[in-house]
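Quick mapping for you: the protein sequence lines, in order, are chains A and B. Residue numbers for the first sequence follow the working numbering, so the first one is 600 and each next one is one higher. Residue numbers for the second sequence follow the working numbering, so the first one is 265 and each next one is one higher.
Worth flagging that the hints you see were computed from the coordinates, not collected in a lab. Idealized CB from N, CA, C, for every residue including glycine. You may find that some hints are simply not true.
[Unchecked claim] Taking lysine to any residue pairs in the SDA-like style, the calculated list, with each CA pair at most 20 Å apart, reads:
no. : chain 1 : residue 1 : chain 2 : residue 2
1   : B       : 413       : A       : 824
2   : B       : 480       : B       : 574
3   : A       : 693       : A       : 667
4   : A       : 846       : B       : 487
5   : B       : 278       : A       : 765
6   : B       : 451       : A       : 754
[Stated by the list, open to error] Computed footprint of chain B on chain A, listed as stretches where at least three residues anywhere in the stretch have a Cβ under 8 Å from a Cβ of chain B:
no. : segment
7   : 688 to 697
8   : 720 to 728
9   : 742 to 753
10  : 830 to 841
11  : 845 to 857
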Amino acid sequence: MKIVVAIKQVPDTATQVKISSGDPKAIDTAGITWIVSPYDEFAIEEALRIKEKRGQGEVIAVSLGPDRVKEALRSALAMGCDRAIHLNDPAWAKADTLATAQALAAVIKQEQPALVLCGRQAIDDDMGAVGAQLAEVLDWPCASWIMDEAVDADAKTVRVGRQVEGGLEVFDIPLPAVLSAQKGLNEPRYPTLKGIMGAKKKEIKDVKAGDLGLTPDAPQLAVKNLEALPARPPGRIIQGDVKDAVKELVRALREDAKAI
Amino acid sequence: MANAYWCIVEDDRKGAPKKVMAEVLGEAGRLSNGNVEAVWLTDKAGDDGIKQLGAWGASKVWVLENAAFAPYMGEVWVPALAELVTKESPKAIFAPVTSRMREFVARLAVRLGAGLSADSVAFAVEGDSLVATRPVYAGKLLAKMTWAKTPWIATLRPNVFKPAEASVAKTAQVDKPSVKVPAARMKLVERREEVSTGLPELTEAETVISGGRGMKGPENYVILEKMAAVIGAAVGASRAAVDAGWRPHRFQIGQTGRTISPKLYLGFGVSGAIQHLAGMRTSKIIVAVNKDPEAPIFKIADYGIVGDLFEVVPALTDEFKKLLER
Chain A
600 MKIVVAIKQV
610 PDTATQVKIS
620 SGDPKAIDTA
630 GITWIVSPYD
640 EFAIEEALRI
650 KEKRGQGEVI
660 AVSLGPDRVK
670 EALRSALAMG
680 CDRAIHLNDP
690 AWAKADTLAT
700 AQALAAVIKQ
710 EQPALVLCGR
720 QAIDDDMGAV
730 GAQLAEVLDW
740 PCASWIMDEA
750 VDADAKTVRV
760 GRQVEGGLEV
770 FDIPLPAVLS
780 AQKGLNEPRY
790 PTLKGIMGAK
800 KKEIKDVKAG
810 DLGLTPDAPQ
820 LAVKNLEALP
830 ARPPGRIIQG
840 DVKDAVKELV
850 RALREDAKAI
Chain B
265 MANAYWCIVE
275 DDRKGAPKKV
285 MAEVLGEAGR
295 LSNGNVEAVW
305 LTDKAGDDGI
315 KQLGAWGASK
325 VWVLENAAFA
335 PYMGEVWVPA
345 LAELVTKESP
355 KAIFAPVTSR
365 MREFVARLAV
375 RLGAGLSADS
385 VAFAVEGDSL
395 VATRPVYAGK
405 LLAKMTWAKT
415 PWIATLRPNV
425 FKPAEASVAK
435 TAQVDKPSVK
445 VPAARMKLVE
455 RREEVSTGLP
465 ELTEAETVIS
475 GGRGMKGPEN
485 YVILEKMAAV
495 IGAAVGASRA
505 AVDAGWRPHR
515 FQIGQTGRTI
525 SPKLYLGFGV
535 SGAIQHLAGM
545 RTSKIIVAVN
555 KDPEAPIFKI
565 ADYGIVGDLF
575 EVVPALTDEF
585 KKLLER
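Pulled out of the complex, with its shape left as it was, chain B reads as follows (with noise of 0.2 Å):
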C-alpha cells in the first residue's frame, strides 16, 4: 500500500526475524496506525517466520527471496530494494541497528536522494513530517531531526522502542515481487563464527553486566559469567578492560565500541568514563558496584552499592539465584 511504514527484517539467517523486528514493528504500527508492512531479503523465508511477522503487525510481507541475498552485500541489496520503493512509495523505511542494517539503509538513502536518521531513540509525527530524536556528542546531547522528503530513512537502537504484542489473529498478506538482482562484484570467501558463550547477544539482551578494571584480570571475568547464565544477561566490558586485553573488542561497551539499551545494566569495577556511559546511559536501570565513592558512574546509577565487587558479585548471584528458584 502506498504511504505504508516498511520495516526492513532483520533475520537470524537460518529463516527467523530477530525479536527486534517487534519493536521495530511495533514502533512503525504506532506512527502510522497499523499502516505498516515488512520488506524481507533472504536467501530462505520461513513460514513461520511471515507468520511471526503477521502476528507483530504486519499487514503485508514483501518477500525478497532469492540466493543472491545471503550473505548481505550492499551492491545486490540495494539496487533490488530501490527498484521496489520506487513502485510503492513508502512513507517511511525503517530498520534495527546491526552491522549490516546500518551499512545497507546508508546506501540506499543514496539511491533514493533521501534522508537518514541512524540510531535513532525516539519518533513523533508533527503534522506532516517525522521528528527523530537521536543521541549526539557521546549521549550528552539529544538531536532532533527532520526529513526534507519522504522516504524518511530511519534505523532504530533495540531495546528502547516498544515491542508490539503478537497476536495470533493477526495475520500478513504475502507478496513476492520479482524485482533485477544484480551480480556482485565482491565474493564471500568465508564465514567465521565465534566460539558461542551460550549467553544472550550484548546489543540484544534485556539485561547486561559489564566488568571494567576493578575486575583485575581476564580470569575474574568468571564470576560475572555465572551471575550471568543465573540471570540470563550478556557480559560486557569497558575500554578499560578490552585495552588491557581482558576481554575481546566485540565485547565493548562504550564509544568505540557497542551500543547497548537494557532493561537493566549492572557495572562492576566501572568507574563511568564517559565513553563507557556514551554506550550504555540509555539503560533504563542502572545498578553500580565500585569501592570509590567519587566513582562517575553513581552519578547516573539508579541503585549503587559501594564495595569490594569480590565480596558483592557472590553474594549478588546467590541472592539472584534464591529469588528466581522460588
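With the rest of the complex left out, here is chain A (with noise of 0.2 Å):
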C-alpha cells in the first residue's frame, strides 16, 4: 500500500517572530528554528504504523517551499519514510491553500497512493485548508481531525473516528481518500540514530511546477501586511491574604471588568 503523507516546515513555536523590516508581508527568517509541524508529525508516524502493520507498503513524505524545506523532509525520512518529494520552486513563493492544494494534487496523481494522511493544520499560518482541498481537487472523500484509523486487509475501505464537537463520527471511507491527523491520533516516534544516518541515502527529488504541467495562479488570497498584537492594558497583581484578594478580584471582575 502506498502512502504520501504532506507536511509543512514551520517556524518553532517557542522562535520568536517579528515582522520582517523589508517586506511588511513576511517575517524575518534571520534566527527562526524550523520543525516539521507538530500535527504533521502525527501524520507521518500513523501512516508509518500502516506500513508496519501490513508488513509493506511504501511511504512519500511530499513539501511544498523553499530550500531549508529539505530539512523538514530529512526529519521525515528520519522517522522512517522511504523517499520524498521537494516542490521547489520560486513559481509557488506566494502559494496560498489553493495553489498549494493543486501542487499537492499534481504530485499525488502521479504517485497514485491509495492513502494521502496529512495533518489537520500547520501551526504558522493556522489555516487547516489544505487536506480539504487536496480532497476536493482530487474529488476524493475526506475526513478531517481523526483521532483513530483501520485500514482493512485488502486496503480497499478505511474506518476513520472523526473529532466533531460533542462526540466522535465514525466513518467507512473508501480509499483513495484524503485524511487530516488531529492530537491523540497517536504518539510520534523519535528518529533513532540508524534513522538519522539512513535518511542521508535516502531520495529527496526536486520537482518543480513545470514538471507537473502547472503554471502557478495569483493566489486569490493574499496577504496585504503584517501587523504586531495590540497591547493589552497593563494588569494588576492583587495584593493581600488569600480572602482580601478574593473578594477585591471577584468585586474588579463584577464592577471594573463587567465581565461576571
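Hints are included, so try docking the two chains, each in its own frame, into the full complex.
So this is what it looks like as C-alpha cells:
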C-alpha cells in the first residue's frame, strides 16, 4: 500500500517571530528554528504504523517550500518514510492554500497512492485548509480531525473516527481518500540514530511547477500586511491575604471589568 | 439577492441554529448594511430555528433540507451548495469556526476557485474589497488578508464578534431551492457521544476555567468543576496537563488544542507557555493564579493573584456563590 504524507515546515513555537523590516507582508526568517508542524508528525507516524502493520508498502513525504524545507523532509525520512518529494520552485513563493493543494494534487496524481495523510493544520498560518482542498481537487472523500483509523485487509476501505463537537463520528471511507490528523491519533516516534544515518541515503526529489505541467495562478487570498498585536492594558497583581485578594478580584470582575 | 453576504448555519444537529450564528449574522449584517442571508444545510430545519435566524437579521433563509445532509460529508455538501452559489452569486460566504465548517468551506473554496480566510477575528470593508484580520504564528502576529475576487469566503472565530440582537419584529423570507444532492461514497458507521459534563462547550463558553500543571493531578480538577458549575463556565486544561494524562485531549486549550476567546478566562496553575497563549490570548479578560510570580501568564493577565491555587480556588468559588446568589 502506497501512502503519501503531506507536511509543512514551520517556525518552532518558542521561536520569536518578527515582521521583516523590508517587507511588511513577511516575517524576518533570520534566526528562526524550523520544525515539522506537530500535526504533520502525527500524520507521518500514522502512515508508518499502517505500513508496519501490513508488513509492506511505501510512505512518501511531500512538502512545498524553499530549500530549507529539505531539512523537514530529512526529518520525515529519519522517522522512517521511504522517500521524499520537494516541491521547490520560486513560482510557488506566494502560493495560497489553493495553489498548494493544486501542486500537491498534481504530485499525488503521478504517485497514485491509496491514502494521503496530513496534519489538521500547520501551526504557522493555522489555515487548516490544505487537506480538505487537496481532497476536493482530487475529487476524493476526506475526513478531517481524525482520532483513529483502520485500513481493511485488502486496502479497499479505511474506518476513521472523526472528532466533532460533542463526539466522534465513525465512517467507512473507500480508498483512495485524504485524512487529516488530530492530536490524540498517536504518539509520534523520535528518529533513531540508525534512522538519521539512513535518511542521508534516501532520495529527496526536487520537482518544479513545470515538471507537473502547472503554472501557478496568482493567489486568491493574499497577505496585505502583517501587524504586531495590540498591546494589552497593563495588568494588576492583587495583593493581600487570600480572603481579601479573592474578595477584591470578584469585586473588580463585577464592577470594573463587568465580566461576571 | 445577488451580492448578499451568506452565513452558513451551524446547528445543534437537532434542528436549531447554534448561538454563535448571532455573531456571524451580526458581523455580516454590519459589513453589508443588512444584505445578509442564512443558508442552512440540514436533515431537519425547525420552524423556530428559521424564525431565530430571521430575528438575528437574515432577510432570507435558504433551506436545503435533505436526509443526505446529516451527518455532514464534504463530498455531499460541497456540490449542492456550489450549485446554489453559482446561481445566486453571493458576495461573501461566512461560517463559524467549528470542526465541520472548517473542512466544508475549504472544499467549497476549491470548487468555486475562491480564497478562504480561516479563523478570522476582524473584518473591514475598504472600497470594493474586504480585509480580514487573522492571528498567525501562534497568535504572535496578526495578518491582514485580501481576496482576489468574490465570493469572499471566511470562517469566524467564536466569541469575538458582536452578536446581533434578536428582534422578533424581523422575519426572514424562506426559500427552499432544489439542488442536486450527490450520493456519498463515505458511510456513517456510528456516532459516539461524549459523556456530557453538564458544562458549556469549551469553544462556545463565555467563561472558561483552565487548569495547568499546578493542578498536581487529575483528581484535583473537581475543584475547578465546582467553580464552573457556580459561574456557568467550561473547564479546559493546558498541554502539560493533557500530556500528563490528567484530562482528555478535547479539553486542551492551545496551539495543538482548542482556540478559545471567552469574555472571561481564569487560569489556575497555568504557567502561560507560548503554546497555551496561542489558544487563549484573544480572551477579553484574563485572570491568572499561580504560585510563581515570574510565570509568563502574568504578562498578559488583567488580574493576577500570586498564591496557592488550592487556597484560592475554594475561596473564590465561595465568593462567586455569594455574589451570584445575592
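Consistency of the hints with the structure:
1. With a C-alpha separation of about 18 Å, the suggested pairing of residue 413 of chain B with residue 824 of chain A holds against the 20 Å cut-off.
2. Taking the CA atoms of residue 480 of chain B and residue 574 of chain B, the gap is about 10 Å. The hint holds against a cut of 20 Å.
3. About 16 Å separates the Cα atoms of residue 693 of chain A and residue 667 of chain A, which keeps this hinted pair within 20 Å; it holds.
4. Taking the CA atoms of residue 846 of chain A and residue 487 of chain B, the gap is near 18 Å; set against the 20 Å cutoff, the hint holds.
5. With a C-alpha separation of about 13 Å, the suggested pairing of residue 278 of chain B with residue 765 of chain A holds against the 20 Å cut-off.
6. With a CA separation close to 16 Å, the supplied pair residue 451 of chain B and residue 754 of chain A stays within the 20 Å bound.
7. A count of 3 residues in the segment 688 to 697 of chain A with a Cβ less than 8 Å from any Cβ of chain B is obtained; the coverage claim is therefore met, three being the minimum.
8. Given a C-beta distance limit of less than 8 Å, the hint that chain B covers the segment 720 to 728 of chain A holds, as 7 residues qualify and 3 suffice.
9. Counting residues of the segment 742 to 753 of chain A whose CB lies closer than 8 Å to any CB of chain B gives 3, so the stated coverage by that chain holds, three being the minimum.
10. By the rule of at least three residues with a Cβ nearer than 8 Å to a Cβ of chain B, the coverage given for the segment 830 to 841 of chain A holds, with 7 such residues.
11. With a threshold of 8 Å between beta carbons, the proposed coverage of the segment 845 to 857 of chain A by chain B holds, since 8 of its residues qualify and at least three are required.
Checked against the numbered hints above, the structure breaks none of them.
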